[in-house]
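Number of protein chains: 2
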Amino acid sequence: MSKANKAVVLLSGGLDSTTVLAEAVAGGFEVYALTVLYGQRHAVELAAARRAAAAYGVARHAEVEVNLASFGGSALTGAGIIPKDRTDEAIAAGIPVTYVPARNTVMLSLALAWAEALGTFDIFIGVNCVDYSGYPDCRPQFLRAFETLANLATKAGVEGSKRFAIHTPLLLLNKEEIIRRGLALGVDYGLTHSCYDPDRSGKSCGRCDSCRIRLAAFQRVGIVDPVEYLERP
Amino acid sequence: MSKANKAVVLLSGGLDSTTVLAEAVAGGFEVYALTVLYGQRHAVELAAARRAAAAYGVARHAEVEVNLASFGGSALTGAGIIPKDRTDEAIAAGIPVTYVPARNTVMLSLALAWAEALGTFDIFIGVNCVDYSGYPDCRPQFLRAFETLANLATKAGVEGSKRFAIHTPLLLLNKEEIIRRGLALGVDYGLTHSCYDPDRSGKSCGRCDSCRIRLAAFQRVGIVDPVEYLERP
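Protein sequences appear in the order of chains A and B. Each residue of the first sequence is one higher than the last, beginning at 1 in the numbering used here. Each residue of the second sequence is one higher than the last, beginning at 234 in the numbering used here.
Wrong hints could be hidden among the right ones.
Taking beta-carbon pairs under 7 Å as the criterion, some of the chain B residues facing chain A (in silico) [to be verified]: (1) VAL299; (2) TYR332; (3) THR338; (4) VAL339; (5) LEU345; (6) ALA346; (7) TRP347; (8) GLU349; (9) ASP370; (10) GLN374; (11) ALA378; (12) THR381; (13) LEU382; (14) LEU385.
Distance windows between CB atoms, simulated [as the list claims (entries may be wrong)]: (15) ALA26(A) <-> GLY435(B): 47 to 57 Å; (16) ALA4(A) <-> ILE456(B): 55 to 65 Å; (17) ALA280(B) <-> GLY202(A): 38 to 48 Å; (18) LYS162(A) <-> ILE314(B): 20 to 30 Å; (19) LEU185(A) <-> ALA259(B): 51 to 61 Å; (20) ARG293(B) <-> GLY190(A): 40 to 50 Å.
Simulated from the structure, these hints should not be mistaken for laboratory data. All C-beta atoms in this analysis are idealised placements derived from N, C-alpha and C, irrespective of residue type, glycine included.
Throw the hints in and build the complete structure from the sequences for me.
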């Protein structure tokens, strides 16, 4: 009989969220994986999320569609051009065009809705604010503000003695440290997908910011990234 | 040439949100109305939202689906029984079963996403915390916490000098005062829909909490509620 605590884990199928899934499982949680389909360009990510959810035998994997693309404002959901071959300095400067307005707020809100319905107070998200992030909704102050909000927003937060916790095990790790942590937990990074602009077969481009950051981190770890690339710089 | 400020107005088609729409229009905003289809039981509400959006000639009316019903946890989105014929005291006590986990957090998050994509900082929502509310996500402290979050969560909040504002013109009004305010603004309440459990033709039941609160308020105002009821108590 399982008496494990439940946790909602936001799972995109990327390197970070799959590592977080492994963390939650290692922490003894019964995992409810939530994939938010917000109008990303590619189904490749969803396939990766399904692979990871299956590999870890989650209690349930919910896929919730919410079409942020209809609002516009991001190269990741729209017709904008995904930047390629940028230098480390260019990647590190400013908020990228792949920023999706209020994405993490929307995703955490949905995770909160599910957590409250499940009667659990634990939510995991794979944000980090060290390497190249530039995303405002990956910063510690944003995550603290969401935790405050969660406890004010909900019946569970108001009536109970328990508090919602937004778990961010990767928050202060750089990409190399995340990979090392995941490898220690036995993560198969061949399951994951990070590229912003894969080809039709799902192969990663090797040239967008996400591929460059990932490839450089694997190089520093000293192992070959197991996913397939169209080209490796 | 319109130089009006844009505002995102959350519009359910109910009495409150339609009044808020009228407030935003009266305030000179160019309105972007957002209806969130979160798995409510009835299409009647959506029809009312469309009527209101058309009546006020909004710049755009977006209907975004996000299936909170798949998470469970509410009589309003699930198979639970909608309470009928409750006394004022019973209605006022505790958080009702029609509470939808994290609903306003999800709806405000989506409004924030659209506002940021539009380049505006003004969001209107028709919450109020006076009469019978009991909903944690209608309280002033929740709304202040969301405003704080919005400014931390977004590129617009971080980079610009403007701050997001969550406008809640009904927050401290009771239902009677809301109706009086709306009538002064010329709202046609015949457009709106409030019932939790209408029949197939869209007629209101007259017996759920929402109908009872609405009917009592119209009685206090001293006019007949223009919507059709199956029965009036």
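Okay, the hints, checked on the actual structure:
{"no.": "1", "hint": "VAL299", "in the structure": "4 Å, holds"}
{"no.": "2", "hint": "TYR332", "in the structure": "6 Å, holds"}
{"no.": "3", "hint": "THR338", "in the structure": "5 Å, holds"}
{"no.": "4", "hint": "VAL339", "in the structure": "4 Å, holds"}
{"no.": "5", "hint": "LEU345", "in the structure": "4 Å, holds"}
{"no.": "6", "hint": "ALA346", "in the structure": "4 Å, holds"}
{"no.": "7", "hint": "TRP347", "in the structure": "4 Å, holds"}
{"no.": "8", "hint": "GLU349", "in the structure": "4 Å, holds"}
{"no.": "9", "hint": "ASP370", "in the structure": "5 Å, holds"}
{"no.": "10", "hint": "GLN374", "in the structure": "6 Å, holds"}
{"no.": "11", "hint": "ALA378", "in the structure": "4 Å, holds"}
{"no.": "12", "hint": "THR381", "in the structure": "5 Å, holds"}
{"no.": "13", "hint": "LEU382", "in the structure": "4 Å, holds"}
{"no.": "14", "hint": "LEU385", "in the structure": "4 Å, holds"}
{"no.": "15", "hint": "ALA26(A) <-> GLY435(B): 47 to 57 Å", "in the structure": "52 Å, holds"}
{"no.": "16", "hint": "ALA4(A) <-> ILE456(B): 55 to 65 Å", "in the structure": "57 Å, holds"}
{"no.": "17", "hint": "ALA280(B) <-> GLY202(A): 38 to 48 Å", "in the structure": "42 Å, holds"}
{"no.": "18", "hint": "LYS162(A) <-> ILE314(B): 20 to 30 Å", "in the structure": "28 Å, holds"}
{"no.": "19", "hint": "LEU185(A) <-> ALA259(B): 51 to 61 Å", "in the structure": "57 Å, holds"}
{"no.": "20", "hint": "ARG293(B) <-> GLY190(A): 40 to 50 Å", "in the structure": "43 Å, holds"}
The structure meets every hint from the earlier list without exception.
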